[in-house]
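J.: Sequence:
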Amino acid sequence: MLEALKQKVYEANMELPRRNLVTYTWGNVSGIDREKGLFVIKPSGVEYDELKPEDLVVMDLKGNKVEGDMNPSSDTLTHMVLYNAFPTIGGIVHTHSPYAVAWAQAGLDIPCYGTTHADYFYGPIPCARHLTQEELDAGYELNTGNTIVECFKTRNIDPVAVPAVICHSHGPFTWGKDAADAVYHAVVLEEVSRMAIFTRQVNATAAPAPQRIQDKHYMRKHGPNAYYGQGKK
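Those letters in the sequence shown? Residues 1 to 233, by the working numbering.
Keep in mind that the hints are not guaranteed to be accurate.
The calculated lysine-lysine pairs, modelled on PhoX-like cross-linking and capped at a C-alpha distance of 25 Å, are [stated by the list, open to error]:
| id | residue 1 | residue 2 |
| --- | --- | --- |
| 1 | K52 | K153 |
| 2 | K8 | K62 |
| 3 | K177 | K62 |
| 4 | K153 | K65 |
| 5 | K153 | K177 |
| 6 | K36 | K65 |
| 7 | K8 | K36 |
| 8 | K65 | K52 |
| 9 | K52 | K36 |
| 10 | K177 | K65 |
| 11 | K177 | K8 |
| 12 | K8 | K52 |
| 13 | K177 | K216 |
| 14 | K52 | K177 |
| 15 | K36 | K216 |
| 16 | K36 | K62 |
| 17 | K177 | K221 |
Taking CB as the label site, the calculated pair distances span [what the hints assert, rightly or not]:
| id | residue 1 | residue 2 | range |
| --- | --- | --- | --- |
| 18 | R129 | F198 | 25 to 33 Å |
| 19 | T88 | Y227 | 19 to 27 Å |
| 20 | L136 | K65 | 35 to 43 Å |
| 21 | T88 | N203 | 30 to 38 Å |
| 22 | H222 | P87 | 14 to 22 Å |
| 23 | E135 | G223 | 31 to 39 Å |
| 24 | T116 | R18 | 35 to 43 Å |
| 25 | V160 | A206 | 25 to 33 Å |
| 26 | H222 | T199 | 19 to 27 Å |
| 27 | D69 | M14 | 15 to 23 Å |
| 28 | V202 | D69 | 22 to 30 Å |
| 29 | M195 | A138 | 18 to 26 Å |
| 30 | G139 | Y227 | 40 to 48 Å |
Hints are computed from structural coordinates only; laboratory data are not their basis.
Think of the CB as a built atom: it goes at the ideal place given N, C-alpha and C, for glycine as much as any other residue.
With the sequences and hints as input, model every part of the structure.
T.: Okay, structure coming up:
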């Protein structure tokens, strides 16, 4: 079932150690088949050098395992919530990459200090709040997803324009049009997180880039009149 999607999600998972985004098994990637309403995700706790495409687990959007001999990632319900809430996304990544985690542990949004950030994320990367004790007791991973959705809705953030979040005291989630795109955003997120930390070290009171600069850089790549790269001719 979903063998082509399993292969793509497997390849995306294998990019995480290649890009130095994970230590041991601290990360996972999923990808969804929207027509079938099923997503494929890494099994829980499996070392990357032992992972095979056939190990990936197929889940439905209600959190039921449809196929697979292994337990799905412990973060599966977070992925499920995001797929249900953000119907445009096709893949999700979670890591504990250190620079993004540093901002998450500080409980701070990652400011858009410059054009590298603005090329990919239209505004700061938001930090979702801590879960309450009641939310933890009711379902940690489920409510992690719910707090991410709450963060984007209450702050009126477009998940397409800002395909990333950091969870307070936890770490980052990114997403994209498919699993590979979600990994791409995870790599970029880690780089801009690092740049932002360096910026604070150089100037603790540095201000975000002017909105006009952020607008120009985001829109030239993603706007209706985007001209970056080799477009269709």
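J.: Compare the structure with each hint and give your call.
T.: Results of checking the hints against the structure:
1. K52 / K153: Violated, because 37 Å separates the two Cα atoms, which is more than 25 Å.
2. K8 / K62: 22 Å, holds
3. K177 / K62: Given pair K177, K62 holds - Cα atoms ~21 Å apart, limit 25 Å.
4. K153 / K65: 29 Å, violated
5. K153 / K177: 20 Å, holds
6. K36 / K65: 14 Å, holds
7. K8 / K36: Given that 25 Å is the threshold and the Cα spacing comes to 16 Å, the pair holds.
8. K65 / K52: 18 Å, holds
9. K52 / K36: Holds, at roughly 23 Å.
10. K177 / K65: This hinted pair holds, its Cα atoms lying about 23 Å apart.
11. K177 / K8: 13 Å, holds
12. K8 / K52: 12 Å, holds
13. K177 / K216: With a Cα-Cα distance of about 23 Å, the restraint between K177 and K216 holds, given a limit of 25 Å.
14. K52 / K177: With a Cα-Cα distance of about 23 Å, the restraint between K52 and K177 holds, given a limit of 25 Å.
15. K36 / K216: 38 Å, violated
16. K36 / K62: 13 Å, holds
17. K177 / K221: 15 Å, holds
18. R129 / F198: 25 to 33 Å: The hint (25 to 33 Å, Cβ to Cβ) holds, given that R129 and F198 are roughly 26 Å apart.
19. T88 / Y227: 19 to 27 Å: 23 Å, holds
20. L136 / K65: 35 to 43 Å: Hint violated: Cβ distance 23 Å, outside 35 to 43 Å.
21. T88 / N203: 30 to 38 Å: 36 Å, holds
22. H222 / P87: 14 to 22 Å: 19 Å, holds
23. E135 / G223: 31 to 39 Å: Cβ of E135 to Cβ of G223: about 37 Å, so the range 31 to 39 Å holds.
24. T116 / R18: 35 to 43 Å: With a Cβ separation near 21 Å, T116 and R18 fall outside 35 to 43 Å, so the hint is violated.
25. V160 / A206: 25 to 33 Å: 27 Å, holds
26. H222 / T199: 19 to 27 Å: 23 Å, holds
27. D69 / M14: 15 to 23 Å: 20 Å, holds
28. V202 / D69: 22 to 30 Å: The hint (22 to 30 Å, Cβ to Cβ) is violated, given that V202 and D69 are roughly 51 Å apart.
29. M195 / A138: 18 to 26 Å: Roughly 37 Å apart at Cβ, these two residues miss the hinted range, so it is violated.
30. G139 / Y227: 40 to 48 Å: 45 Å Cβ-Cβ, so the 40 to 48 Å window holds.
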